[in-house]
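> Add chain B to chain A, keeping to what the hints say.
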Amino acid sequence: MSPEWCDSPTAKDYSIDELIVATLADCFKDGEQACNGMASFIPVAALMLARATHAPGLVWIASSVGLEPRPDRIPASTLEAPLWRDSIMYVDQYTDFWNFVLNGRWITKFCVGAAQLDQHGNANNSVIGEDFHRPRVRLPGTAGLADMCSIDKDLYYWNPDHTPRSLVEKVDFISGAGYLDGGDSRAQLGLGGGPQLVITNLAVLDFHPQSKRMRLKSVHPGVTVEQVQDATGFELLMAEDPIPETLAPTCEQVRLIREVIDPDGMRKRGFR
Amino acid sequence: MEQKLATPSEAISLVNDGDIVALQNMATQAAPMALVRELIRQQKRDLGLVVLVGGIAVDWLAATGVINRLIGAAVTMEQFGLCQQYRKAVEQGRVRVEELSESLLNARLGAGARNLPFLPSRGAIGTDLIDQNPQNLLMLDDPFGGKPVVACRALVPDVALIHAHRSDRFGNIQYDPTAMWPDIAIMPKAAKRVIVSAEEIVDSETLRHHPEKTILPGFMVDAVVEIPFGAHPTSFYPLYSYDSRFHLEWAAAARDDAMAMVLLERYVLGPENQQQYLDLAGGAATIDRLRIRGADR
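Residue numbers (the numbering used here), protein chains in the order written: chain A, 175 to 446; chain B, 740 to 1036.
Hints listed in this document are in silico derivations from the structure and should not be mistaken for laboratory results.
Just so you know, not all the hints are guaranteed correct.
Unchecked claim - Pairs of lysine-lysine residues, derived as DSS-like cross-links and limited to a Cα-Cα distance of at most 30 Å, are as follows: (1) B:Lys886 / A:Lys344; (2) A:Lys442 / B:Lys827; (3) A:Lys391 / A:Lys283; (4) B:Lys928 / B:Lys952; (5) A:Lys186 / A:Lys442; (6) A:Lys391 / A:Lys442; (7) A:Lys344 / B:Lys827; (8) A:Lys283 / B:Lys886; (9) A:Lys186 / A:Lys344; (10) A:Lys203 / A:Lys391; (11) A:Lys283 / A:Lys344; (12) A:Lys344 / A:Lys391.
This is chain A alone, in the form it adopts within the complex (with noise of 0.2 Å):
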């Protein structure tokens, strides 16, 4: 724990991936429990930030397999060693972990990140164009992201790309469920939790408490309101007005971040 975090001064010197990996990092508490999937550098560097700062006793299970690890830095992949480096324990995947998540009791919040994502928080990783058997784009596929998302998680969205081709009006297909037609149709089937927060490299936007359409809640500083609706597919709803900046991280977060958690600057992967 660094006992400077709380005290310090806003950053001048920072980059987007930074500011992203910060404002992640807020939406993790201490005594709660979070695990990452693959290819998840922006969530693996916020859970670590929160562990670093205002939440060392957030449970992180690395790669969804290494309890409480130790890893030096970020390597190249988020899946496999050495980021589960000393562990706790090895978490079986069968069945310990499944039943972790599936529970509901632990690991209430998850990230996702999602090649489309649409006005009601549905997310897309699988098919690109109208035709599951002869898509346009095969993606790599949903993996675990349909499960997180249907059973009760608070979702937390990365984009590190805000364009009008990720944030559509409606996924070609729904590989993740959001708030699916929007509404209380969610609710309908029975899901809890959903969808929160969804922070680009843009700006930060959230979902109307009624009709669960995204809306824009912070631009990013330099960043305007007509530049974010300029890169979204849909006409985004206003969350107040005016829409105020986004927090820039502290000169203590953006420290941490690169010179103990991410040396290596693997969180830049995905952004331009």
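Quick look at chain B alone, frame taken from chain A:
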């Protein structure tokens, strides 16, 4: 006890054209790659592949026309990108995909292992995965009055291909402490036949020193093959890491059919045994580079 030792060729002759083959593999981890190469060398056809998260193995099997369908949760080489030959095969309609989330795949295989018609899950409710797959996934009301669930129809693969740390000659299989992904836990119990490649074949006495490491009894196993570094170029913890150079070489070639075939000739069709394959992949220097030491073991 019955002896289960076999050569790669003998073991893979247990796979028939058209079979559903369950393959251990988590992206760049723990695939029985020597067995995969033997599937290609024997020119198996029309196989259906069951895989949790397939990596380079799936790309090779798609590129060589061995598989025509895939049941799985994802296919990706993670940091090395999408599997381009697989992607092209799906986009052209040569490989048909049944996409399942991890909990749905676990439920289908779990039902197969226990001889149940189905097992329920709460995963993936509300997604298009369910509407897309009415043959195998159906929403079901809880007979006890709770929330609805997804009924996941039993899946019984014809064969499971597994890689493990050691075995005796009777096919009692040991796995050292490391990540245990769901595939190693459930695929061999659901499948009708099980083929295992092991880093080493040891005397049964050696297994008795650590019975807690034994994960499969010999009576479930049909053939076991000794193949050191048998998961290369995927990682096999705690012994060796994934081969970045090899994956990068393949990822660069896989965008072009002719270049992909050159590498497949070189690494898959050419070498007659594991030693010849490893020599082509860099031999002792590669083995030394990938072996895990110290704190990461």
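> Straight-line Cα separation of Lys391 (chain A) and Lys283 (chain A) no greater than 30 Å?
20 Å, holds
> Below or equal to 30 Å on CA atoms is what counts here, so check Lys344 (chain A) against Lys827 (chain B).
Roughly 25 Å separates the two Cα atoms, so the pair holds.
> When you check the alpha-carbon spacing of Lys186 (chain A) and Lys442 (chain A), does it fall within 30 Å?
19 Å, holds
> Decide if the proposed pair is consistent with the structure: Lys283 (chain A) and Lys886 (chain B), CA atoms, cutoff 30 Å inclusive.
21 Å, holds
> Would you check the hint for Lys391 (chain A) and Lys442 (chain A), treating anything up to 30 Å between C-alpha atoms as holding?
Holds - the C-alpha atoms of Lys442 (chain A) and Lys391 (chain A) are around 24 Å apart, at most 30 Å.
> Taken at face value, is the distance from the CA of Lys344 (chain A) to the CA of Lys886 (chain B) at most 30 Å?
27 Å, holds
> Just to be careful, I want the Cα atoms of Lys283 (chain A) and Lys344 (chain A) compared with a cutoff of 30 Å; is the pair within it?
This hinted pair holds, its Cα atoms lying about 24 Å apart.
> Is the Cα-Cα distance between Lys344 (chain A) and Lys391 (chain A) 30 Å or less?
20 Å, holds
> With a cut-off of 30 Å on the C-alpha distance, tell me whether Lys928 (chain B) and Lys952 (chain B) pass.
Holds: Lys928 (chain B) and Lys952 (chain B) sit about 17 Å apart, inside 30 Å.
> Keeping to a limit of 30 Å between CA atoms, is the pair of Lys442 (chain A) and Lys827 (chain B) held or broken?
Distance ~28 Å between Lys442 (chain A) and Lys827 (chain B) Cα, so the pair holds.
> Is Lys203 (chain A) within 30 Å of Lys391 (chain A), Cα to Cα?
21 Å, holds
> Holds or violated: Lys186 (chain A) with Lys344 (chain A), Cα cutoff 30 Å?
Violated. Lys186 (chain A) to Lys344 (chain A) sits at ~37 Å, over the 30 Å cutoff.
The structure does not agree with numbered hint 9 stated previously, though it agrees with all others.
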